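Enquirer: Kindly produce the complete structure, drawing on both the sequences and the hints.
Chain by chain, the residues run as shown.
Protein chains: 2
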Amino acid sequence: MAKIHGFKFVLVLVLSILINLFFLFNHFVDKDTELSWSKAAAREAELVASISCSGHGRAYLDGIPFQGEPICECNSCYGGKDCSEVLTECLADADSGDPLFLEPFWMQHAASSAVVVAGWHRMSYRFDDYSSISEELEKHIRQLHAVIGNAVTDGRFILFGAGSTQLLNAALFGLSLDDSPSPANIVASIPFYPLYEAQTKYFNSMEFKWQGDASLWKNRSDSSGTFVEFVTSPNNPDGRLMKQVLKGPSSKTIFDHAYYWPHFSAIQTAADEDLMIFTLSKLTGHAGEPIWFQLILTFLVMYQGYTLIIKERKAMWALVRDENIYKRMQMYISLSTKSVSRDTQLRALKLLKVVLKENGKDLFEFGPKTMRNRWERISRSFSTSKRFSLQKLEPQYCNYFQNFTGPSPAYAWIKCERAKDQDCNAVLKTASIIGRGGSTFNAESRYVRLSLIKSQDDFDLLIQNIDALVSKEGGVAYI
Amino acid sequence: MAKIHGFKFVLVLVLSILINLFFLFNHFVDKDTELSWSKAAAREAELVASISCSGHGRAYLDGIPFQGEPICECNSCYGGKDCSEVLTECLADADSGDPLFLEPFWMQHAASSAVVVAGWHRMSYRFDDYSSISEELEKHIRQLHAVIGNAVTDGRFILFGAGSTQLLNAALFGLSLDDSPSPANIVASIPFYPLYEAQTKYFNSMEFKWQGDASLWKNRSDSSGTFVEFVTSPNNPDGRLMKQVLKGPSSKTIFDHAYYWPHFSAIQTAADEDLMIFTLSKLTGHAGEPIWFQLILTFLVMYQGYTLIIKERKAMWALVRDENIYKRMQMYISLSTKSVSRDTQLRALKLLKVVLKENGKDLFEFGPKTMRNRWERISRSFSTSKRFSLQKLEPQYCNYFQNFTGPSPAYAWIKCERAKDQDCNAVLKTASIIGRGGSTFNAESRYVRLSLIKSQDDFDLLIQNIDALVSKEGGVAYI
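Respectively, the protein sequence lines represent chains P and V.
Read left to right, the first sequence gives residues 4 to 482 (the working numbering).
Read left to right, the second sequence gives residues 4 to 482 (the working numbering).
Among the hints, a few may not be true.
Copies of the same chain look alike in the list, so a pair counts if it fits in one copy or across any two.
[Claimed, not checked] Straight-line Cα separation of at most 30 Å, DSSO-like style, residue types lysine-lysine; simulated pairs:
no., residue 1, residue 2
1, Lys330, Lys432
2, Lys84, Lys142
3, Lys418, Lys221
4, Lys84, Lys356
5, Lys475, Lys204
6, Lys356, Lys330
7, Lys330, Lys212
8, Lys330, Lys204
Calculated directly from the structure, the hints in this document are not laboratory data.
Predicted model only: the values in this text are computed from it and were never measured.
Expert: See the structure below:
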């Protein structure tokens with residue numbers, strides 16, 4: 004009996020010691036990978052991220068705390084402490100091009116996309132390679148274009164800028180600062196992105212002059228001077244792939260390829276132009292458009308005599324073939340605001356690494372699918388309508404997917420078909436929908452741009468209000 | 004015997020179980036604070052930070068990896084895999100204003116200054132308060148000025164910009180965009196920061212025109228139009244506190260207070276001007292001056308006909324009294340590059356929180372002490388010299404320290420006293436010292452600016468070369 008007891012005892016003891024050893028081993032293995040100075044920041048970030056905002060909002064590290072605690076910032080049309088309340092009489096805002104449709108993707112890829120910035124990270128601007136863009140970042144951008152096949156980077160300089168305006172301006176200065184006695188003429192094809200006109204006019208430089216619609220200058224004489232044409236392809240607002248209108252030795256082109264990613268367009272060919280501009284914001288969804296610009300709009304209209312709506316694209320780059328133009332652009336960037344901050348570059352690099360995993364498989368499964376679904380959904384909403392029409396877009400062969408892909412534009416370009424609906428934006432507003440009127444893009448006010456790239460909450464409300472509007476059509480007299 | 008055995012057995016077992024319980028408890032308590040998605044990024048950052056570069060270099064997260072591993076980027080005049088090799092025939096570069104003297108401070112405050120940026124952090128630019136600067140950041144900036152006592156923020160708007168050039172330009176546009184038919188005249192007092200002239204000329208705007216030295220316009224007539232004067236105080240290069248030269252209703256002033264922090268100057272009074280510009284970079288030491296600008300200098304001289312050296316100040320703000328001027332500046336920022344990136348704002352906020360701890364006690368113990376020591380050291384080096392003189396600076400009463408404090412300027416402003424040493428920069432260069440020539444600041448070439456705010460390695464080498472130069476004086480004939 005005592006022997007059996009003893010045996011059991013030994014068994015339990017051995018077991019207990021084994022468990023001890025297991026814990027001890029674990030403890031030391033853990034020790035090895037334990038964090039020191041970064042732990043507090045990591046905890047703080049995870050704490051803020053863990054705050055529940057009911058899926059209709061988010062708490063941020065730099066949010067305004069309430070009683071010392073970070074609080075939820077709710078999506079439009081949601082309110083309450085945890086964003087669970089649906090606000091009534093709320094407008095569906097489809098105005099801005101804030102690419103929040105990719106937010107869920109980054110939340111799914113939290114671990115690979117987080118960045119820890121040490122307090123002493125890159126305090127100096129000095130790079131060992133003396134360039135404005137870290138060599139690593141440049142390498143990843145070239146790799147990105149190669150993987151997607153949307154641009155040729157061989158024999159191109161890469162210039163990194165802090166925003167669309169900066170880089171577009173740099174291009175303008177780069178191309179127009181000739182020894183030519185007369186200012187360069189700046190043009191674009193209607194409908195076009197309003198910033199081109201606004202900034203050309205605002206800087207009021209002796210080097211260049213805004214000349215409006217490109218097609219008016221097709222048959223110009225040689226003595227008309229240098230022309231610089233802005234071409235956005237795929238186009239904002241209507242998503243069409245564009246070519247330049249003006250040709251010949253005296254005309255230069257700035258290609259804005261902000262939307263030439265698999266999310267928004269089939270990749271039909273690798274762009275091979277002299278001066279091309281791309282942005283990370285429409286690829287990864289980081290950056291949007293500060294709403295306060297809309298608030299100063301009234302002031303701008305009063306003060307400058309033209310309307311202006313501005314878009315931000317935080318991290319952008321230009322691919323430039325000519326070295327002299329590249330150097331002039333570099334000079335402009337240095338004078339206007341200097342290179343992109345190191346924090347932004349560090350984050351951009353991390354995001355690109357996630358994008359490039361398995362040749363973009365994850366992101367380009369999520370992004371194009373989301374955008375295609377939204378296009379199909381809004382097409383269905385308008386399919387029964389005779390009052391409104393959507394732009395026509397056909398499936399195209401995409402080299403990236405090696406397959407035909409359905410349309411997935413960033414914006415719907417709506418036309419009001421009824422003769423009396425001349426102000427289409429006003430018509431939509433009666434149905435609590437906020438779009439961006441055609442006149443902003445120098446087109447007829449019969450057109451309105453609706454953003455399809457905002458958050459799912461925004462899109463759902465937009466569809467709800469469109470459906471309500473279209474369903475009423477039967478009851479309204481057709482004129 | 005068996006009983007004793009049994010007793011010992013029980014004792015060991017109880018002990019073992021207790022240890023298990025301890026580990027188990029620990030495990031669950033740890034569980035509570037264990038990290039999930041941020042862990043990988045935190046580990047990566049700590050791994051890079053732990054790479055030893057012998058105190059003469061640093062490895063960075065976005066550095067160019069060698070065989071997949073991050074590598075050391077060495078300080079100037081150091082080389083080798085771990086930066087332990089001293090490079091011979093290396094120049095002491097005291098040219099740039101890269102404020103690396105604060106790097107050790109941030110390494111000492113690693114835990115409180117690190118930031119974790121989640122992949123989905125602030126993808127949208129939307130702020131609930133619709134302003135360009137997060138409310139939290141603005142609050143901390145006001146608090147900062149209150150604690151230091153270097154500026155009045157009551158009744159001021161705060162505008163945040165991405166760099167000195169941007170904000171200074173914004174100020175220029177803000178003040179000169181009147182309905183006035185003639186362009187505004189832009190002036191500054193010699194010696195002045197060369198960017199003012201360079202950017203005014205470069206933008207070649209119809210709104211303003213560079214007119215050089217302010218003192219030439221003291222007795223102007225009323226019909227000379229609007230004047231905008233740049234005043235840097237403390238002055239760059241010579242560290243003196245400055246006032247505007249031009250007065251009267253037709254003159255406006257932009258006060259550049261980049262160096263008005265306890266590191267570089269006694270805080271004699273809270274600045275109370277209409278338009279004041281401050282920067283984080285000279286306060287926290289984050290940001291410097293990209294060296295590649297120097298490389299394109301040759302190009303600039305060739306192309307534009309003037310020399311240009313540019314400084315970057317990553318996160319800046321302006322305190323503006325007049326709402327209309329504030330709005331015009333805001334418009335300029337929106338057109339030239341848009342608001343500061345959210346990553347930069349987030350980091351700025353974190354750094355400010357560290358700065359503000361105990362009313363700035365830690366930072367303003369480290370910073371002013373370091374700068375004062377360097378000034379005393381370089382003064383000692385030149386004290387026996389008859390060939391070179393330093394600018395004269397007196398101890399002043401500082402409201403922040405509530406005491407008299409010795410000089411601690413950011414730059415030494417050296418004068419070559421010998422008649423034949425007209426090009427002082429060339430003289431220093433023979434002693435392997437690189438300074439910035441007086442002509443850059445529109446002063447005589449008999450002057451040279453030497454930067455005192457770079458890393459300790461840079462400063463030590465500078466002193467070593469100065470001492471060698473001064474010790475040779477006896478042997479050289481005095482002319």
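Enquirer: All hints, please: hold or fail.
Expert: Results of checking the hints against the structure:
Proximity of Lys330 and Lys432 under a CA criterion of 30 Å is satisfied inter-copy only: 29 Å between copies versus 47 Å inside one chain copy. Proximity of Lys84 and Lys142 under a CA criterion of 30 Å is satisfied inter-copy only: 23 Å between copies versus 44 Å inside one chain copy. Taking CA atoms no more than 30 Å apart as the test, Lys418 paired with Lys221 passes inside one copy only; the shortest distance there is 27 Å, against 61 Å between copies. Taking the shortest alpha-carbon separations for Lys84 and Lys356, only the inter-copy value of 26 Å comes in at or below 30 Å, while the best intra-copy value is 36 Å.
Taking the shortest Cα distances, Lys475 and Lys204 never come within 30 Å of each other, neither inside one copy (43 Å) nor across copies (60 Å). In this homomeric assembly, Lys356 and Lys330 come within 30 Å of each other (Cα to Cα) only inside a single copy, at 28 Å, whereas the closest approach across copies is 39 Å. In the homo-oligomer, the alpha carbons of Lys330 and Lys212 lie at most 30 Å apart both inside one protomer (22 Å) and across protomers (25 Å), since each shortest distance falls under that limit. Taking the shortest Cα distances, Lys330 and Lys204 sit within 30 Å of each other both inside one copy (24 Å) and across copies (18 Å).
Of the numbered hints given earlier, the model fails hint 5 alone.
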